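Produce the complete structure using the sequences and hints provided.
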Amino acid sequence: MLRNPAVLGQFYPDSPEKIRKIVQSFGLKKVTKKEKIFACLLPHAGYIYSGKVASSVLNASLIADTCIILGPNHTGYGVPQSIMCEGAWETPYGNVKINSELAQLILKNSKYLEDDARAHATEHSIEVQLPLIQEISKEDFTFVPIILASADDLVYKDIANAIYLSVRAFKKDVTIIASSDMTHYETQMSAAKKDKAAIEAILELNEKDLLEKIDKYSISMCGYMPAVVTIMASKLLGAKNAKLIAYETSGDVTKDYQAVVGYAGIVIQ
Numbered sequence: 036m037l038r039n040p041a042v043l044g045q046f047y048p049d050s051p052e053k054i055r056k057i058v059q060s061f062g063l064k065k066v067t068k069k070e071k072i073f074a075c076l077l078p079h080a081g082y083i084y085s086g087k088v089a090s091s092v093l094n095a096s097l098i099a100d101t102c103i104i105l106g107p108n109h110t111g112y113g114v115p116q117s118i119m120c121e122g123a124w125e126t127p128y129g130n131v132k133i134n135s136e137l138a139q140l141i142l143k144n145s146k147y148l149e150d151d152a153r154a155h156a157t158e159h160s161i162e163v164q165l166p167l168i169q170e171i172s173k174e175d176f177t178f179v180p181i182i183l184a185s186a187d188d189l190v191y192k193d194i195a196n197a198i199y200l201s202v203r204a205f206k207k208d209v210t211i212i213a214s215s216d217m218t219h220y221e222t223q224m225s226a227a228k229k230d231k232a233a234i235e236a237i238l239e240l241n242e243k244d245l246l247e248k249i250d251k252y253s254i255s256m257c258g259y260m261p262a263v264v265t266i267m268a269s270k271l272l273g274a275k276n277a278k279l280i281a282y283e284t285s286g287d288v289t290k291d292y293q294a295v296v297g298y299a300g301i302v303i304q
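For the sequence shown, our numbering begins at 36 and goes up steadily by one.
Note that these hints are calculated values from the structure, not bench results.
Since this is a predicted model, take the numbers as computed values, not measurements.
Each residue gets a CB set at the ideal place from its N, CA and C atoms; glycine is no exception.
Careful, some of the hints might be misleading.
To be verified - The calculated DSS-like cross-link candidates involving lysine-lysine, where the alpha carbons are at most 30 angstroms apart (straight line), are:
1) LYS228 - LYS206
2) LYS192 - LYS132
3) LYS275 - LYS207
4) LYS206 - LYS71
5) LYS231 - LYS290
6) LYS270 - LYS71
7) LYS64 - LYS278
8) LYS65 - LYS231
9) LYS228 - LYS192
10) LYS173 - LYS243
11) LYS143 - LYS207
What the hints assert, rightly or not - Now the in silico label distances, taken between C-beta atoms and shown as ranges:
12) LYS207 - GLU174: 13 to 23 angstroms
13) SER60 - THR222: 25 to 35 angstroms
14) ALA204 - THR289: 37 to 47 angstroms
15) THR67 - ALA156: 31 to 41 angstroms
16) LYS231 - ASN130: 33 to 43 angstroms
17) THR289 - LYS207: 39 to 49 angstroms
18) TYR147 - ASP250: 19 to 29 angstroms
19) GLU136 - GLY273: 35 to 45 angstroms
20) GLY111 - GLU174: 30 to 40 angstroms
21) SER225 - ASP49: 32 to 42 angstroms
22) GLN139 - MET224: 44 to 54 angstroms
23) LYS243 - ASP100: 31 to 41 angstroms
24) ALA294 - THR110: 21 to 31 angstroms
Shown next, in the form of structure tokens:
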């Protein structure tokens, strides 16, 4: 099964040359020695808005030949906790294959994940990461796409443990990527304050505190589910710390600070 792009030409350009031009416009310094990471948090808005933050993380990090990319379900289609185990996703650089071996392991180890392509068909949160990885890190890699809807702690723990057990059995390096934007459509001051609270919880690798702060401060972080699962799985795999690489808002691009979206780029090591 070939999954066709849903937001090509909208969230990102339709050719490698145009994508490369956008990435070059960010003015990132060449990193001679990239850092090994267990996981990272990348934003998923249009490249002109969040591309610099995402690119900064990818530019500084050693991304494995296999990635697990977790995104939120914006569309409401498909089952709540959805994985794709077969096929490839089309990008301007060519098709990115799903790593069926790892996907099947994760599916087998989870009580809640279901193999269902419907949740992925028009969802952008995973799609937008692929061309950036191909441009900045490596064109030839495989991945496992997982779309998560809001659930309870038992579901998050189950999926995190399934990822941990599967990566351990896979016996190859894997990078986990949580796809999430931060606060949505609030003033620059409000977004920065709320996002600071959420980022602090992530940097402490404290998924419980992140969930509590999201509830307490009404933080509209769309991919908190992927972030929670990523924190939990990373700690099981041996992660000890996290680092903020970049934070910006859409207002930094548009200069409209009345209704911004926040973007954080974080690595977990």
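Next on the checklist: Of all the hints numbered above, which does this structure not satisfy? Sort the numbers upward.
Outcome noted: 1, 10, 19
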